[in-house]
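Whole structure, please, built from the sequences with the hints as guidance.
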Amino acid sequence: MSRLNMPLVTALLLLAGPALAAKPPAPPPAAPPIALAIHGGAGVIDPAKMTPDKAAGYRAGLAAALDAGYAVLERGGSSLDAVSVAVRMLEDDPQFNAGRGAVLNQDGDAELDAAIMDGHGPRAGAVAAVRHVKNPVELARLVMEKSPHVLLVGEGAEEFALEQGIVLVPRGYFRTRARITQLEEDKRAAEARGGAATPQGTGTVGAVALDRSGNLAAATSTGGLSNKHRGRVGDSPLIGAGTYASNDSCAVSGTGDGEYFIRAVLAYDICALVQYKHEPLEQAVNEVLHGKLTAAGGEGGVIAVDPAGNIVMDFNSVGMFRAARDAHGRREIAMYRDR
Amino acid sequence: MHAIAIHGGAGAVPRASLSAQREQRFRAGLEAALDGGYAVLERGGSSLDAVATAVRILEDDPCYNAGHGAALTRDGAVELDAAIMDGKQMRAGAVASLRHVKNPVDLARHVMEKSRHVLLVGPGAEEFALEEGLTLVPNRYFRTAERLEQLQAEQRGERVSELVPATQGTVGAVARDDAGNLAAATSTGGMTNKRPGRVGDSPIIGAGTYAKNGVCAVSATGHGEYFIRAVAAHHVCAAVEYRGLALEEAVREMLHEVLPALGGDGGLIAVDHAGRIAMDFSTEGMFRGARDSNGRRDISIY
Chain A
1 MSRLNMPLVT ALLLLAGPAL AAKPPAPPPA APPIALAIHG GAGVIDPAKM TPDKAAGYRA
61 GLAAALDAGY AVLERGGSSL DAVSVAVRML EDDPQFNAGR GAVLNQDGDA ELDAAIMDGH
121 GPRAGAVAAV RHVKNPVELA RLVMEKSPHV LLVGEGAEEF ALEQGIVLVP RGYFRTRARI
181 TQLEEDKRAA EARGGAATPQ GTGTVGAVAL DRSGNLAAAT STGGLSNKHR GRVGDSPLIG
241 AGTYASNDSC AVSGTGDGEY FIRAVLAYDI CALVQYKHEP LEQAVNEVLH GKLTAAGGEG
301 GVIAVDPAGN IVMDFNSVGM FRAARDAHGR REIAMYRDR
Chain B
1 MHAIAIHGGA GAVPRASLSA QREQRFRAGL EAALDGGYAV LERGGSSLDA VATAVRILED
61 DPCYNAGHGA ALTRDGAVEL DAAIMDGKQM RAGAVASLRH VKNPVDLARH VMEKSRHVLL
121 VGPGAEEFAL EEGLTLVPNR YFRTAERLEQ LQAEQRGERV SELVPATQGT VGAVARDDAG
181 NLAAATSTGG MTNKRPGRVG DSPIIGAGTY AKNGVCAVSA TGHGEYFIRA VAAHHVCAAV
241 EYRGLALEEA VREMLHEVLP ALGGDGGLIA VDHAGRIAMD FSTEGMFRGA RDSNGRRDIS
301 IY
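For the protein sequence lines, the chains are A and B, in the order given. Just so you know, the numbering used here puts 114 at position 114 of the first sequence, and the rest follows in order with no gaps. Just so you know, the numbering used here puts 246 at position 246 of the second sequence, and the rest follows in order with no gaps.
Rather than coming from a laboratory, the hints here were simulated on the basis of the structure. Values in this document were obtained by computation on a predicted structure and should not be read as measured data. Careful: at least some of the hints might be erroneous.
[Said to hold, decoys possible] DSBU-like mimics (lysine-lysine), calculated; alpha carbons at most 35 Å apart, straight line:
#1 A:Lys54 with A:Lys292
#2 A:Lys187 with B:Lys102
#3 B:Lys102 with A:Lys146
#4 B:Lys88 with B:Lys114
#5 A:Lys292 with A:Lys277
#6 B:Lys114 with A:Lys187
#7 B:Lys114 with A:Lys292
#8 A:Lys54 with A:Lys187
#9 B:Lys102 with B:Lys88
#10 A:Lys292 with A:Lys187
#11 B:Lys114 with A:Lys134
#12 A:Lys146 with A:Lys134
#13 A:Lys292 with B:Lys88
#14 B:Lys88 with A:Lys277
#15 B:Lys114 with A:Lys49
#16 A:Lys187 with B:Lys88
Set out below in structure tokens:
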């Protein structure tokens with residue numbers, strides 16, 4: 001509850017007081033705890049390079065995706081639709097490392113990965129190493145809904161896209177001036193280090209949601225690492241690693257050092273702790289991120305939501321682009337630990 | 001204490017339709033892989049080397065759906081997936097959608113040991129293979145007459161019961177070495193008549209392959225999509241670690257409760273920190289073998 005609403009709440013309680021005293025209250029109809037959280041990536045967001053203009057741009061992009069996804073939930077839509085809508089908007093926003101504006105691999109191409117998971121079922125769809133699909137999260141959803149498979153990769157995934165009537169786009173669609181410059185810088189830096197590249201993986205996007213029917217969903221989309229080896233697939237499209245949802249436990253979308261998330265089966269591990277050790281979501285996230293991931297030497301963050309609508313957004317990196325909105329009036333957009 | 005278990009896939013090969021001669025071929029392949037992997041452990045080698053050795057032998061055996069003799073895609077090509085995981089350092093390597101790598105498990109190990117990555121797919125993974133000095137082979141190296149016959153039957157909507165079932169035959173191994181280190185590896189050609197680009201659970205860490213020292217090592221076979229949704233291999237280890245289930249019970253629960261609820265079937269082999277082996281399946285059979293330093297050595301199909 002934000003401070004702004006407190007006087008109003010106090011006033012309402014005062015007004016209700018006599019009535020409550022007269023008649024024992026029936027429990028108020030529980031507000032359906034819809035909730036949505038999104039991220040635009042964790043990692044090296046150097047505060048010194050974050051100009052007010054840039055910050056405003058990122059915030060606007062996050063706000064647009066957050067509100068569009070939330071509007072789906074508010075009108076009774078599914079969590080699956082909400083996370084799809086939010087992620088698609090972030091894919092279309094060139095500021096984030098997914099869809100248009102994704103980072104470029106060593107060959108100068110965007111190679112995109114995405115996954116979506118419906119906590120009801122559960123069922124899942126994912127695609128990896130696609131180079132001509134405008135909105136990978138949509139193709140992931142088609143894999144889930146229109147194929148018996150979960151994961152399709154590369155040209156086979158694009159063949160499936162065509163069969164589903166998706167229009168492919170040329171590779172140039174994804175490339176932005178900023179990412180070309182970034183690739184050039186990363187290549188120079190890699191050369192200076194004798195070829196041992198430590199590419200940056202910031203900017204992955206994702207969303208988790210709870211809808212009025214109590215269904216959880218998660219989606220994640222990314223271009224991966226700048227200057228990455230062709231064919232490298234990170235955690236985002238791997239069910240259990242970067243994306244996971246089950247109505248029995250929680251929905252999680254991750255961002256960060258993908259290889260560490262894969263080895264830790266990180267998203268699923270959080271949900272396993274919730275389901276089997278009955279840990280509160282916040283504690284499970286804390287244990288996995290600040291305990292296991294930090295100990296393994298990995299950096300990143302996650303957003304997560306549980307069936308009660310509790311949202312957790314946490315990271316062990318400098319910052320994480322993130323936003324959350326729920327039925328209790330919470331609406332926040334943040335980049336660093338405290339803002 | 002050292003122990004190894006291997007599988008050559010779970011599925012419904014009806015007992016009646018498996019000729020004695022064919023069964024002998026399958027058993028001989030399992031024996032070679034089991035003893036090959038066990039020999040590594042016996043001379044003090046690592047569990048990682050043991051599972052790599054056992055899986056490589058099964059990849060080279062045309063009876064099994066991995067490497068040479070793998071199932072064909074709907075286009076008549078072979079597309080291979082594999083993963084390996086080292087429970088000691090929690091390192092992992094995996095490859096998917098390969099068309100020209102003779103031993104995918106070897107490339108998975110290169111990914112683990114020589115790259116910063118865990119999963120490489122498609123032509124990019126083969127580029128990495130070349131960078132690592134591996135020799136590529138033509139796709140026809142993998143294709144056998146039997147698999148072609150199986151593909152054609154599948155495309156006509158028939159079943160060829162004499163062969164390894166269309167969806168199964170994946171190979172895998174789990175091991176515990178004298179130092180207490182656990183490792184797992186899995187390799188597959190996936191489903192017969194599969195869509196090019198389809199990737200199953202085998203190369204996905206946590207789904208078809210997982211190893212964590214002190215807990216367990218798991219390799220799965222079966223209908224991959226269900227194993228992915230269930231995060232099956234990690235789920236088994238989580239049941240052992242978080243709920244204190246015995247390995248055998250954790251494996252049983254996955255195969256006979258979790259997966260059936262989703263509609264999936266298959267099999268799992270697993271070994272825990274104490275070298276206890278669990279091998280179970282919800283299909284009619286699973287090609288499997290187990291051997292340990294207490295003198296156990298068995299090979300079975302049903």
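Hinted pair Lys114 of chain B and Lys292 of chain A, Cα distance within 35 Å
holds (23 Å)
For the pair supplied as a hint, Lys146 of chain A and Lys134 of chain A, is the alpha-carbon distance within the 35 Å limit?
holds (18 Å)
So if I understand the rule, the pair passes when the alpha-carbon distance is 35 Å or less; does Lys54 of chain A with Lys292 of chain A pass?
Holds, at about 33 Å.
Measure nothing beyond the straight line between the CA atoms of Lys292 of chain A and Lys187 of chain A; if it is 35 Å or shorter, mark the hint as holding.
Roughly 31 Å between the alpha carbons, so the hint for Lys292 of chain A and Lys187 of chain A holds.
Is the straight-line distance between the alpha-carbon of Lys102 of chain B and that of Lys88 of chain B 35 Å or less?
holds (27 Å)
Hint consistency between Lys114 of chain B and Lys49 of chain A [alpha-carbon to alpha-carbon, up to 35 Å]
Roughly 34 Å between the alpha carbons, so the hint for Lys114 of chain B and Lys49 of chain A holds.
Holds or violated: are the alpha carbons of Lys187 of chain A and Lys88 of chain B at most 35 Å from each other?
The given pair, whose Cα atoms are some 33 Å apart, holds under the 35 Å limit.
For a C-alpha distance cap of 35 Å, please report whether Lys292 of chain A and Lys88 of chain B respect it.
holds (15 Å)
Could you grab the alpha-carbon distance between Lys292 of chain A and Lys277 of chain A and see if it respects the 35 Å cut-off?
holds (16 Å)
35 Å limit on alpha-carbon distance, applied to hinted pair Lys88 of chain B and Lys114 of chain B
holds (17 Å)
Check whether the Cα positions of Lys88 of chain B and Lys277 of chain A lie no farther apart than 35 Å.
Holds: Lys88 of chain B and Lys277 of chain A sit about 24 Å apart, inside 35 Å.
Lys102 of chain B and Lys146 of chain A were given as a pair; does the straight-line alpha-carbon distance stay at or below 35 Å?
holds (33 Å)
Consistency note: the structure conflicts with none of the earlier hints.
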